[in-house]
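> These are the residues of each chain, in order.
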Amino acid sequence: MTDPAVRVDRLEKQLGPNKVLRGISFEAQSGQIFGLLGPNGAGKTTTLRIICTLLAPDAGAVEVLGFDTRTAPQEVRRRVGVVTAEIGVYPRLSARENIQYFAELSGVMDGKVRQRVEAVIDRLDMGSFANQRAESLSSGQKQKVAIARAIVHDPPVLMFDEPTSNLDVLASREIREFMVESKERGKCVIFSTHVLYDAERLCDRVTIIHQGRVVVSGSTTEVRGTHHDLEDAFLAQVEGAPA
Amino acid sequence: MSAIRIVLKKELLEILRDRRTLIAIALATLATPAVLFVISQVSAKTATQAYTIGYSGQIPAGLDVLFNATGLKLEQVDDPAEAAKQQVDLGVLFTTSAVEEYYDPTRQSAQIADVRLQEVLSQYDAARIAATLQQRGIDPSSVLNPLPLNQHPLSSPIKAAGNSFLSFFLPYILITMSLTGGLSAALDTSAGERERRTLESLLLTPVPRGQVLVGKILAVSLISLTAALAAIASMLIALSQIHFGGSAGAFQVELSPLASGVMIWLAVLLAVSFSSVTIALGTLARNFRQGQAYATPLYFITIFPASIILFIPDFNPNLAIYLIPILNAVLVLRDAIVHGAVAWDALAVTTLSLVATGGLCFYAALRLFTREALLVRS
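From first to last, the protein sequence lines stand for chains A and B.
The first sequence begins at 1 in my numbering and counts up one residue at a time.
The second sequence begins at 244 in my numbering and counts up one residue at a time.
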């Protein structure tokens, strides 16, 4: 087995009075969709924020493609793209200008910025609204801008944190298709969601966390086991998990 | 392209597309000339306006001519004291031995009429005394003005009056516009990032946060500087075109090259300092509105030092006072305008003080910008 793209080892984190993570560990491989699952408040977003260096862990370690998040945060950020449910964009910039800004900040070479921006616009089929100001875009179009800015530097690791929670059916399907396409291009895709039905359809491997602990980890088939679906498997695990 | 330039370029583009900021700069440019125009109109009206004096008794011969020449209209009334309450601006009772004056000091028109009445009466007295002396063969000037004063001003009194006016008004405009001109942009670029939920994506880029912050501060500083200099330029143009008190040439405003240079240098320092302060406050806020609430006390903090020149025009502090930010800029600029000279040690201390203030605020903003609570709280 090859080295994991992302390795999370016994992660602990306290935010204010709350112990959010209590020793989370998992590994995610390139060319796979890895599902980080759990109910709201389980610690999924905090885990992703530690992986992408926005937060520092209290204990434990995270490596992204061999780079430690504590000692080489900038190297990690160069290799990670994050799409969240919060599709905040700069309203007075056009979709294209939003993407270009992040391409430049993410270190895309000066001569290649335009080329990369156009490639991403083509790939996400954004040509019809690329020159519109972001304030006039629909939620689905803004989500595409958010994806575009996350992938414009072509990162090998992509993380999606509840990416479809504010979207309609069509926009959600496009996101799912994009995740599958990214996996086929050899990216490591980490998909964080509480919608277990989506995870079951998309993920190769999953880790279910609850109250800051891993309750089960493995391939989607293994985790589902003899249960009807992932949701049943999750409920069975949670009922047996320590409080 | 360096990260600072990338952020600067993007922020300027966004700011220039923001109606709030553009309206603030436009208002800053137009407000001062508009206020000056209103002041000039009011002062011109006051200078030419006639005031009514209600009188009873016999007017001394020749006095009515002086009244008319001074813009005082005479109107006969039964009771001058009663009439002075509302009917006329001033009441006067002429007796054989004196002039009894009745006026309400709470009425501004009564105060102006009172001044004019005293002027008229002193002219009348002088004329009567001179005529009596001449009848007796005495030269009136040797009695009425035995020690004449011959004035030799070392510079133009008209220019000095203008500079005195400018020494209060210009620092005031410079400071308030350096703060308010870029305030909207500062809050938009700091609190706005959290409100729009773009902060997390921005912090995910590999660019060091210090560089992002420098780019933002430079963008806001440029806007502040533009607003302040535009307001001052429009004020100077307005002052060169508007005549106060209805008389052309009574008031001359001229900014020397030295004062202009000092003003631009201080404007740069103030713009950078204020940008750092407002961005730090904006970073502390969760949204634009909260940022405005945090920034409100800044108005008072800045207006007080600017006003000190008004209350203590001849305030000559020691060098240590120049360590106080904002007040130091007001004092240095005042000296440059009024005296046409700069105390270089005072300017150096002022520069040091403003750079240190800006540096401390930058450090505070950077600390706020890098703390985890910034993301967790949003």
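It is worth saying that the hints were derived from the structure and are not from the lab.
Using N, Cα and C, we set each Cβ at its ideal position, and we do this for glycine too.
Don't take each hint at face value.
[What the hints assert, rightly or not] If you want the ones that stay clear, here's a sample from chain B, every Cβ over 12 Å from chain A, calculated:
no., residue
1, ILE249
2, ALA277
3, THR375
4, THR441
5, SER444
[Stated by the list, open to error] Partner residues are not named here, just some residues of chain A that face chain B (Cβ under 7 Å, in silico):
no., residue
6, LEU54
7, LEU55
8, PHE67
9, ARG70
10, THR71
11, GLN74
12, ARG78
13, GLU104
14, LEU105
15, GLY107
16, VAL108
[Claimed, not checked] Among the chain B residues that face chain A by a calculated CB cut under 10 Å, a handful are:
no., residue
17, ALA246
18, LYS252
19, LEU259
20, ASP368
21, LEU442
22, LEU447
23, GLY453
24, VAL455
25, ASP578
26, VAL581
27, ALA616
> Please go over all the hints and tell whether each is borne out by the structure.
Hint by hint, here is what the structure shows:
With a least CB separation of 5 Å from chain A, ILE249 of chain B falls inside the 12 Å interface cut-off, contrary to its annotation. Consistency note on ALA277 of chain B: stated as away from chain A, and its beta-carbon is indeed over 12 Å from all of that chain's, at 29 Å minimum. The beta carbon of THR375 of chain B sits about 82 Å from the closest Cβ of chain A, which is more than 12 Å, so the claim that it is off the interface holds. The non-interface label for THR441 of chain B is inconsistent with chain A: the shortest C-beta to C-beta separation is roughly 4 Å, within 12 Å.
Not every CB of chain A is more than 12 Å from the CB of SER444 of chain B (nearest about 6 Å), against its label as outside the interface. Among the interface hints, the one on LEU54 of chain A holds; its C-beta lies about 6 Å from the nearest C-beta in chain B, closer than the 7 Å criterion. For LEU55 of chain A, the interface hint holds, since its Cβ comes within 7 Å of a Cβ in chain B; the closest pair sits about 5 Å apart. A distance limit of 7 Å between C-beta atoms decides the matter here; for PHE67 of chain A the minimum to chain B is near 11 Å, and the interface restraint is violated.
For the restraint placing ARG70 of chain A at the interface with chain B, the shortest Cβ-Cβ distance is roughly 14 Å, beyond the 7 Å limit, so the hint is violated. This hint is violated: THR71 of chain A has a C-beta 14 Å from the nearest C-beta of chain B, more than the 7 Å allowed. For GLN74 of chain A, the interface hint holds, since its Cβ comes within 7 Å of a Cβ in chain B; the closest pair sits about 4 Å apart. Contact between ARG78 of chain A and chain B, as hinted, is supported at the beta carbon level, the nearest pair being about 5 Å apart and thus within 7 Å.
For GLU104 of chain A, the suggested interface contact is upheld, since its CB lies about 5 Å from the closest CB of chain B, less than 7 Å. Below 7 Å, beta-carbon pairs count as interface contacts, and LEU105 of chain A has one with chain B at about 4 Å; its hint therefore holds. For GLY107 of chain A, the interface hint holds, the least distance from its beta-carbon to any beta-carbon of chain B being 6 Å, beneath 7 Å. Evaluation of the VAL108 of chain A hint against chain B yields a violated restraint, the C-beta minimum of about 10 Å exceeding 7 Å.
Because the beta carbon of ALA246 of chain B sits about 6 Å from the nearest beta carbon in chain A, less than 10 Å, this interface hint is met. Because the smallest distance between the Cβ of LYS252 of chain B and any Cβ of chain A comes to about 9 Å, under 10 Å, the interface hint for this residue holds. Satisfaction of the interface hint for LEU259 of chain B is found here, the shortest Cβ-Cβ separation to chain A being roughly 9 Å, below the 10 Å cut-off. The closest approach between the C-beta of ASP368 of chain B and any C-beta of chain A is roughly 72 Å, which is over the 10 Å cut-off, so the hint fails.
The beta carbon of LEU442 of chain B comes within 8 Å of a beta carbon in chain A, closer than 10 Å, and the hint placing it at the interface holds. Because the smallest distance between the Cβ of LEU447 of chain B and any Cβ of chain A comes to about 6 Å, under 10 Å, the interface hint for this residue holds. The closest approach between the C-beta of GLY453 of chain B and any C-beta of chain A is roughly 13 Å, which is over the 10 Å cut-off, so the hint fails. Proximity of VAL455 of chain B to chain A holds as hinted, the smallest CB-CB distance being about 8 Å (cut-off 10 Å).
The closest approach between the C-beta of ASP578 of chain B and any C-beta of chain A is roughly 43 Å, which is over the 10 Å cut-off, so the hint fails. A least Cβ separation of about 44 Å between VAL581 of chain B and chain A goes past the 10 Å threshold, and the interface hint is therefore violated. The closest approach between the C-beta of ALA616 of chain B and any C-beta of chain A is roughly 9 Å, which is under the 10 Å cut-off, so the hint is satisfied.
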